[in-house]
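Protein chains: 8
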Amino acid sequence: MKNQNPQVGIIMGSDSDLPIMLEAAKILDEFGIGYEIKVASAHRTPEYTAKFCKTAVKRGIKVIIAGAGGAAHLPGVAASMFPLPVIGVPIKTKTLEGMDSLLSIVQMPGGVPVATVAINNAKNAGLLAVQIIAAGDNAILNKMIKYKQKMENDAVAKNKNLKI
Amino acid sequence: MKNQNPQVGIIMGSDSDLPIMLEAAKILDEFGIGYEIKVASAHRTPEYTAKFCKTAVKRGIKVIIAGAGGAAHLPGVAASMFPLPVIGVPIKTKTLEGMDSLLSIVQMPGGVPVATVAINNAKNAGLLAVQIIAAGDNAILNKMIKYKQKMENDAVAKNKNLKI
Amino acid sequence: MKNQNPQVGIIMGSDSDLPIMLEAAKILDEFGIGYEIKVASAHRTPEYTAKFCKTAVKRGIKVIIAGAGGAAHLPGVAASMFPLPVIGVPIKTKTLEGMDSLLSIVQMPGGVPVATVAINNAKNAGLLAVQIIAAGDNAILNKMIKYKQKMENDAVAKNKNLKI
Amino acid sequence: MKNQNPQVGIIMGSDSDLPIMLEAAKILDEFGIGYEIKVASAHRTPEYTAKFCKTAVKRGIKVIIAGAGGAAHLPGVAASMFPLPVIGVPIKTKTLEGMDSLLSIVQMPGGVPVATVAINNAKNAGLLAVQIIAAGDNAILNKMIKYKQKMENDAVAKNKNLKI
Amino acid sequence: MKNQNPQVGIIMGSDSDLPIMLEAAKILDEFGIGYEIKVASAHRTPEYTAKFCKTAVKRGIKVIIAGAGGAAHLPGVAASMFPLPVIGVPIKTKTLEGMDSLLSIVQMPGGVPVATVAINNAKNAGLLAVQIIAAGDNAILNKMIKYKQKMENDAVAKNKNLKI
Amino acid sequence: MKNQNPQVGIIMGSDSDLPIMLEAAKILDEFGIGYEIKVASAHRTPEYTAKFCKTAVKRGIKVIIAGAGGAAHLPGVAASMFPLPVIGVPIKTKTLEGMDSLLSIVQMPGGVPVATVAINNAKNAGLLAVQIIAAGDNAILNKMIKYKQKMENDAVAKNKNLKI
Amino acid sequence: MKNQNPQVGIIMGSDSDLPIMLEAAKILDEFGIGYEIKVASAHRTPEYTAKFCKTAVKRGIKVIIAGAGGAAHLPGVAASMFPLPVIGVPIKTKTLEGMDSLLSIVQMPGGVPVATVAINNAKNAGLLAVQIIAAGDNAILNKMIKYKQKMENDAVAKNKNLKI
Amino acid sequence: MKNQNPQVGIIMGSDSDLPIMLEAAKILDEFGIGYEIKVASAHRTPEYTAKFCKTAVKRGIKVIIAGAGGAAHLPGVAASMFPLPVIGVPIKTKTLEGMDSLLSIVQMPGGVPVATVAINNAKNAGLLAVQIIAAGDNAILNKMIKYKQKMENDAVAKNKNLKI
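As given, the protein sequences belong to chains R, F, X, S, G, H, W and C, one line each in that order. When we follow the numbering used here, the leftmost residue of the first sequence carries the number 1, and every step to the right adds one. When we follow the numbering used here, the leftmost residue of the second sequence carries the number 1, and every step to the right adds one. When we follow the numbering used here, the leftmost residue of the third sequence carries the number 1, and every step to the right adds one. When we follow the numbering used here, the leftmost residue of the fourth sequence carries the number 1, and every step to the right adds one. When we follow the numbering used here, the leftmost residue of the fifth sequence carries the number 1, and every step to the right adds one. When we follow the numbering used here, the leftmost residue of the sixth sequence carries the number 1, and every step to the right adds one. When we follow the numbering used here, the leftmost residue of the seventh sequence carries the number 1, and every step to the right adds one. When we follow the numbering used here, the leftmost residue of the eighth sequence carries the number 1, and every step to the right adds one.
By construction, these hints were calculated from the structure, which means they are not laboratory data. Please read these numbers as outputs of a predicted model, since none were measured by experiment. Be aware that a few hints might be false.
What the hints assert, rightly or not - Dumping the calculated DSBU-like pairs for lysine-lysine here, alpha-carbon to alpha-carbon at most 35 Å:
1. Lys150/R / Lys2/X
2. Lys143/F / Lys163/S
3. Lys51/R / Lys158/F
4. Lys148/F / Lys163/F
5. Lys94/H / Lys94/C
6. Lys150/X / Lys2/W
7. Lys26/C / Lys51/W
8. Lys148/R / Lys92/R
9. Lys148/G / Lys38/G
Said to hold, decoys possible - Over 10 Å on every C-beta distance to chain C, these chain H residues come out as not near it, computed from the model:
10. Pro6
11. Asp15
12. Leu18
13. Glu23
14. His43
15. Arg44
16. Arg59
17. Lys92
18. Asp137
19. Ala139
20. Asn142
21. Met144
22. Lys146
23. Lys148
24. Asn159
25. Asn161
Quick reminder that beta carbons are idealized off the backbone N, C-alpha and C, glycines included.
Here chain R stands alone, though its shape is the one from the complex (with noise of 0.2 Å):
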């Protein structure tokens, strides 16, 4: 649903982060809810990233997710320009295992909060977007009820084919 009625933004500090933010992207697919994706780093495009994030509730945005890693202040500086949640993906780094990208988004000071997921877990950004929406869209909601009891069900299933 990409450009569709976006209601959520993603951005990413640099095009390699791409495959694992796509993660994020399929989940929205999966719940039909529209999002527009852009490279945008808080360090080498600071204005690009300014304007994408200070016009992004005109645009219809209610979420942004923000992938960094490293020094990863991208989902921070976006939360200091948008009233409404940031989500931050901990891209994994090459040299300190994604902890530096981990404290580099979760401990944010007093006031402006990056609502932080596991490191690398797109796929858990995506989800926690859509609870975001749900929580003020009642069919969404019930889509989130029912892709719950799914997972559930297919967990258990797998039980019948352990090879063990």
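Using the hints, position chains F, X, S, G, H, W and C against chain R.
The following block gives chains F, X, S, G, H, W and C in isolation, referenced to the frame of chain R:
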């Protein structure tokens, strides 16, 4: 706004976490959003916790804020039973500075996100809950925009009185 | 000895953990102790997991071995519902080397212990389960004494063939 | 129940660990289980420690609880010489918050498990020892089921007096 | 030399960081180098911070020293908008000892360096700013050579009064 | 621009670090800044290193870039003997992911700063050296302003070709 | 010089550590110092290890080098039973990069030191053993002085062939 | 035995480390071994330090004990200039609990070992120095054997007075 048309459920693993978790309640009071607040341990009171989470949607709860320390399972357990956003507050521990709490909360598996904030930062959990409600409520969104503007003005004003 | 008079319940958060957890089963086979083995996630299948744990004493289970990775809540959740020993196996994760799994399992709050073994060391979880049963069963204790003696002999014998 | 038909041996690397380790003894007293309690260092008194561990089965000991800090070898050394369960309590250190103690105790090699509990949590070591004995003793199992039920009731009751 | 022909801009995320950051100012006073000093948060006052950094070259600023704690984005944000050196001072936090601040500041992506000094060591940030100016100013270089010589003499002299 | 009016001295603890450190040289080539490049170990060749650093000002060197891994003392040793800026590049190690290198370089005591960049990020060390020279050289400053502008344009342009 | 007038005892917890520990033997060969080399586990072969350590002085052993990984107790156990220097080599583990091995070896309690070298650096353990013997043997001291001189010359010479 | 036929050189990076480092001196006094004690910083007094280390063999020094904190280079710098054993004492720091000091000291590159003891454990550095001298001096070896025996007796005796 305790117990008045609650839209947010605040739970914590131990009553010793109450002083920290009240920071979230204070923010909700400031925005005029109703909430419930309970001690509910994933480990000591699993039945009570399960009941609280499974019936929350029916009670009108849109977001659960869960604080816990050490092997901090409460936010994840809530997320397994509640289809709307769960915010996790890692409580600082006496031994490992809250690193154990943080990793136990943020590193959730695919399918079950927890929106994690900084260690001990229940204030930000409160603000994130407000933002989640604001995504579906323009009056709250406008309050949040004003809140952020006031925070900016107050911070800039501090430069007038710097003691150097 | 799968499913024969099971005294040990082996559960894991995901079927991808099966190759590691089978090391525990192998030890139980070696000692002739029956076991059950199931996929049961604290987050994806909370009902199934609760049922497994709450009825375990009635089925004759004396020890539960639970393996999980990341925000690894399964052992703690089992310990909240089962009155006999729960052994936790922290599974190594792709991002933080299993440090997240270890802290999520070992740092349990007062009242609800989990007997934690080394990261990925399901073999030791199996041996610990045997020792727990041996505490109330002299035949198993004698087998364990012989097992340790053989391990010592084998290790000393390695000095004969050191390639230097 | 000190020195009365002891079923549990409590040892610690230094007498400065005594206040922490007494939490384990208190639990055993509560369940009416006899125990021995000794200072026995893996490094300063290796002979004494070896003798304590090697003769423990003959004295009727079914579980050893060993507390140690820093390069915390006592639980592993006990496990090398005792064929029944050894529970390790990592003691918090002045320098690395007990992370050194935890890793020194939990990361045991294949063949020689130590059942590790949370840093400084000797209370949980006591409860785990009770659960191990309960696996072969229905009277103790019933006490443990009641203990857990009371803990749950007490925790739920705290909600009546929350000061908010 | 506050506000006199400033060559160095000192900024910090919160006025609570002022006592630490004044150590940098003290060094600049000692070398007779002018500076500005402001509270400017990457998260709470993004506009103010952007304006400060983008106009700094025109005001004659040659180096920016930025101190911040937790998810410490201020130095990186300054570096994205200022073409001359930015020095980052990781401020020690209440929870993770400043490890979060350090990683958030030092692990910058390719293209946007931040010259990071030790946790809380604003004195060294001041000295590094002096060295940067000294690279293009022989008078300051000579003062720095004397400063280092005096530091060496003072340290050696301490051996005369060692209380042993 | 190797060995042509060198303004930057690049040193590294081992010739195995050369591929990483050449990223700094490449940046200096791009800006037309001369440099020297040498293997000089704090531990294996202390005399050679001392001579290199103590005579550097006389040779016209304005910045030293030093890369080292493990107990990475080279940048600090250079900083003790050179009165102008020393930039430290922590080299990733085989065992601790470069955390040892980072802490050995960044945590310098008061009086002797090292300007530390990200692990393995010699490119940023090169850019920081350029910025330091630019603080006293307007031609280089203008090149740096253009460099940053081009980097921004290139990053924004990536959005045209995102494969989604 | 294996088994010829051995002055150094090399032990390791597992024969899988042999390739690493042989680096120590190679250094001893280079200096013409005799040594023994054995697999001796603190946990799997406590009796064999105790005998090796307690009788070592009588066999002429002046230094023990002990390598171990994970909960690495072998060096500390040797130090508890041997009155001359014990050198510990932390072996890198599959899960925690050898941080567990390092802390288990270096953080020994007061009274029982272990001379710890870098993770996997058995070569340095060999050199340290040579230096310990050199403290009482001028011929070995002179060889060590030459060894260090050659190392310095070789390292400086690498500058002639740097491929840039 | 300060300054009497010194066999051990004790150095430290700052006079604030003196109270900790005196624990090493106390042990040497107990064994009747002469020592020198000096403040000598790798960073603030490189010349003084180099002179101390290079002339130490001539002064009869057989072991250097070096204590330092943070980016703790003193032991490694001493080891680069002294052909006999160097013992490193990582001093606990205000920010990272001494983990920075430990890694800066222990992770030395191949060719230049530092015998590292536990954080702040100068007592063990003193004992290790005694053991090194004992390797070439039977009178000291006999004292060390007695010291260990007394330590064992004292520790066992503590069991008589355990307050339980």
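Would you say Glu23/H is clear of chain C, with no C-beta pair closer than or equal to 10 Å? holds, 22 Å
For Pro6/H, which was marked as not at the interface, is the minimum beta-carbon distance to chain C over 10 Å? holds, 23 Å
May I ask you to check that Arg44/H keeps its beta-carbon over 10 Å from the closest beta-carbon of chain C? With a cut-off of 10 Å, Arg44/H comes too close to chain C, as the shortest Cβ separation is near 6 Å.
Proposed proximity, Lys51/W with Lys26/C (alpha carbon, max 35 Å): Since the Cα atoms of Lys26/C and Lys51/W sit roughly 32 Å apart, the hinted pair holds (cutoff 35 Å).
Given the proposed pairing of Lys94/H with Lys94/C, does the C-alpha separation stay at or below 35 Å? holds, 28 Å
If I take the minimum Cβ distance from Lys146/H to any residue of chain C, is it greater than 10 Å? Non-interface label stands for Lys146/H: nearest chain C Cβ at 36 Å, farther than 10 Å.
Going straight from one Cα to the other, do Lys143/F and Lys163/S come out at no more than 35 Å? holds, 29 Å
Minimum Cβ-Cβ distance from Met144/H to chain C exceeds 10 Å: holds, 29 Å
Non-interface claim for Asn159/H, where every Cβ of chain C lies beyond 10 Å: holds, 40 Å
Find the nearest Cβ of chain C to the Cβ of Ala139/H and say whether that gap is larger than 10 Å. Check passes; 34 Å lies beyond 10 Å.
Please verify whether Lys150/R and Lys2/X have alpha carbons no more than 35 Å apart. holds, 29 Å
Starting from Lys148/G, check that the Cα of Lys38/G is at most 35 Å away, please. Roughly 29 Å separates the two Cα atoms, so the pair holds.
Hints 14 and 15 from the list above are not met by this structure, while the remaining hints are.
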